[in-house]
Amino acid sequence: MVAFGGSGRPVHSRVAATGLAFTFYATLSIVLMFLDQRGNWLEYARYGLSAAAYPVQLAVNSPSAAWHWVRESFATREALQARNDALRAENRELEMRALRFEALAAENAQLRALKAALPEVVEKWLPGEIMNIELSTLRQRVIVNRGATSGIFKGQAVLARGGLMGQVLRAGPWSSEVILITDPEHAVPVQVLRSGLRTIAVGQGNAGVMTLPYLPVNSDIKVDDQLVTSGLGGVFPAGYPVARVIEVGRDPGQPLALVRAQPLAAIDRDREVTFVWFRPGHPAAPAPSTGSAAVPSLAGTAQDTQ
Amino acid sequence: MNTRVSEPRGALMLSAFIALIFQVVPLPTWLAIVRPAFLVIVVLYWSISAPRAGGLFLPFLCGLALDVFRGAVLGEHALALVIVAFLAIRFHLLIRNKPIFEQALFAFAALALYEFVVWSIDGWSGHSLNSGLRWLHPVTGGLLWPIACGLLSRTHRPR
Numbered sequence: 005m006v007a008f009g010g011s012g013r014p015v016h017s018r019v020a021a022t023g024l025a026f027t028f029y030a031t032l033s034i035v036l037m038f039l040d041q042r043g044n045w046l047e048y049a050r051y052g053l054s055a056a057a058y059p060v061q062l063a064v065n066s067p068s069a070a071w072h073w074v075r076e077s078f079a080t081r082e083a084l085q086a087r088n089d090a091l092r093a094e095n096r097e098l099e100m101r102a103l104r105f106e107a108l109a110a111e112n113a114q115l116r117a118l119k120a121a122l123p124e125v126v127e128k129w130l131p132g133e134i135m136n137i138e139l140s141t142l143r144q145r146v147i148v149n150r151g152a153t154s155g156i157f158k159g160q161a162v163l164a165r166g167g168l169m170g171q172v173l174r175a176g177p178w179s180s181e182v183i184l185i186t187d188p189e190h191a192v193p194v195q196v197l198r199s200g201l202r203t204i205a206v207g208q209g210n211a212g213v214m215t216l217p218y219l220p221v222n223s224d225i226k227v228d229d230q231l232v233t234s235g236l237g238g239v240f241p242a243g244y245p246v247a248r249v250i251e252v253g254r255d256p257g258q259p260l261a262l263v264r265a266q267p268l269a270a271i272d273r274d275r276e277v278t279f280v281w282f283r284p285g286h287p288a289a290p291a292p293s294t295g296s297a298a299v300p301s302l303a304g305t306a307q308d309t310q
Numbered sequence: 012m013n014t015r016v017s018e019p020r021g022a023l024m025l026s027a028f029i030a031l032i033f034q035v036v037p038l039p040t041w042l043a044i045v046r047p048a049f050l051v052i053v054v055l056y057w058s059i060s061a062p063r064a065g066g067l068f069l070p071f072l073c074g075l076a077l078d079v080f081r082g083a084v085l086g087e088h089a090l091a092l093v094i095v096a097f098l099a100i101r102f103h104l105l106i107r108n109k110p111i112f113e114q115a116l117f118a119f120a121a122l123a124l125y126e127f128v129v130w131s132i133d134g135w136s137g138h139s140l141n142s143g144l145r146w147l148h149p150v151t152g153g154l155l156w157p158i159a160c161g162l163l164s165r166t167h168r169p170r
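So the sequences go chain by chain: E and U. All letters in the first sequence, in the order written, are residues 5 to 310 by the numbering used here. All letters in the second sequence, in the order written, are residues 12 to 170 by the numbering used here.
Hints were generated in silico from the structure; no laboratory data involved. The C-beta atom is built at its ideal place from N, Cα and C for all residues, glycine as well. Treat each hint with caution, since some may be false.
[As the list claims (entries may be wrong)] Rough simulated footprint, nothing fancy, chain E against chain U, three-plus residues with beta-carbon under 8 Å: (1) 53 to 61; (2) 71 to 85; (3) 113 to 122; (4) 142 to 150.
[Stated by the list, open to error] Derived list of chain E stretches under chain U, where covered just means 3 residues or more per stretch with a C-beta under 8 Å from a C-beta of chain U: (5) 47 to 54; (6) 227 to 241.
[Said to hold, decoys possible] One-sided excerpt, in silico: chain E residues whose CB lies under 7 Å from chain U: (7) T22; (8) F26; (9) T27; (10) T31; (11) P131; (12) I134; (13) S140.
Next comes chain E alone, as it looks inside the complex:
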């Protein structure tokens, strides 16, 4: 496509050896791409580069962070009071639910003929804040201000208020890139809570919609069905809310139903996310991790996983 610049062209003599430089840089780029795609040879380089990018990310994020800070510090007493009341009410409600939860867990253990109730599947969690950085416009990814120094690892599940948010795609030292469940390259194994039907929910590149492309026309699914994680795939534990079905289209001429669902997590409205660590060996936890292969092709992305 591109001719190599021979030496000694009088018209272009001002630019020396561009053809050679082009060959060099083009080859370098291609080698980089190859190494980055195959295996994890560039893991350390990426780690270093994302550390170098962090100051710029901080700088870009700072105006909106400052604006938030100003708004927080000048919040009126009434507004704070109202929020405090709302939080207190929410807390009371959660407490009430938790009271029953203990009893239910014991009952469940009894039904399953276990000796003692299982501990909670979540071992530890860590809140993080989404940084205001634009990644790719047409993909659904965010940068969060927690990284490997806080123990974040690749393939870690990320929750938000309301439900499942995504998983860690890349962990830098102080920040990490999270791929949302609504990214077109992301798929999450789900289960219909009502019927137990298992399928896969795929992102659309739109914060409000996911599709369930692999359901036969006659499958048992209705509008308003809740989808929870099925625990298959080895990334997400079972039973976390993912989405609510908003549309079921059955065309008798088509083998598959057209099902659309709305994510339950406040994906584009909330700045706070939660990284979770699961108790290994717990029945609801994702299957024992096998290194970086913990992100198989179905759960999560094809990106960077072998």
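Add chain U to chain E, keeping to what the hints say.
Then chain U, alone, in the frame of chain E:
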């Protein structure tokens, strides 16, 4: 480099850095879709008006920065930028003497080529994103070209 006119390296680095920031500043989605590829425009400008200052190293570096910020395959934007910048440097004498309207057309073509390379690599590396919206930014980039030229030419003494 023993050139008669000193190369505008400082202006070049600064403008590239500012363009990078403009490229990653969050915008509402509809605006972000038509956001021109500022960094590519800046690299194009310098490739045409001061081809020796940045050479192909600047495009490579800027592309690598884009790869890191966009979370793309390392080398993807670098390759696209190097290709576009190479063509711009090759034909810089030709382009430089054209009226601004024709330059804008060239910028549009270069941006479209850039997006095409990125799109191809996206497809090959298994991250295909076949949204027609990704082809919008070369148009706004072409429209921005005269303004970008006007601004950037103030930072150095054009030859």
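Outcome of the hint check:
Under a criterion of three residues with beta carbons nearer than 8 Å to beta carbons of chain E, the stated coverage of the stretch 53 to 61 of chain U fails, only 0 such residues being counted. As drawn, the stretch 71 to 85 of chain U meets chain E at 11 residues by the rule of a beta-carbon pair under 8 Å; at three or more, the given contact holds. Residues of the stretch 113 to 122 of chain U lying with their CB closer than 8 Å to a CB of chain E number 0, which falls below the three-residue condition for coverage. Restraint check on the stretch 142 to 150 of chain U versus chain E: 3 residues with Cβ-Cβ distances below 8 Å, three needed, restraint holds.
Coverage of the stretch 47 to 54 of chain E by chain U holds in this model, with 4 residues showing a Cβ closer than 8 Å to a Cβ of that chain against a need of three. Counting residues of the stretch 227 to 241 of chain E whose CB falls under 8 Å from any CB of chain U gives 0; the rule of at least 3 is not met. Contact between T22/E and chain U, as hinted, is supported at the beta carbon level, the nearest pair being about 5 Å apart and thus within 7 Å. At a threshold of 7 Å, the smallest CB-CB gap from F26/E to chain U is about 4 Å, leaving the interface hint in force.
The interface hint given for T27/E is violated, since its Cβ lies 10 Å from the closest Cβ of chain U, which is over the 7 Å cut-off. At a threshold of 7 Å, the smallest CB-CB gap from T31/E to chain U is about 10 Å, leaving the interface hint violated. The beta carbon of P131/E is not positioned within 7 Å of any beta carbon in chain U (closest approach about 21 Å), and the interface hint is therefore violated. Below 7 Å, beta-carbon pairs count as interface contacts, and I134/E has none with chain U, the closest being about 10 Å; its hint is therefore violated.
For S140/E, the suggested interface contact is upheld, since its CB lies about 5 Å from the closest CB of chain U, less than 7 Å.
Going down the numbered hints, you'll see the structure goes against 1, 3, 6, 9, 10, 11 and 12, while the others check out.
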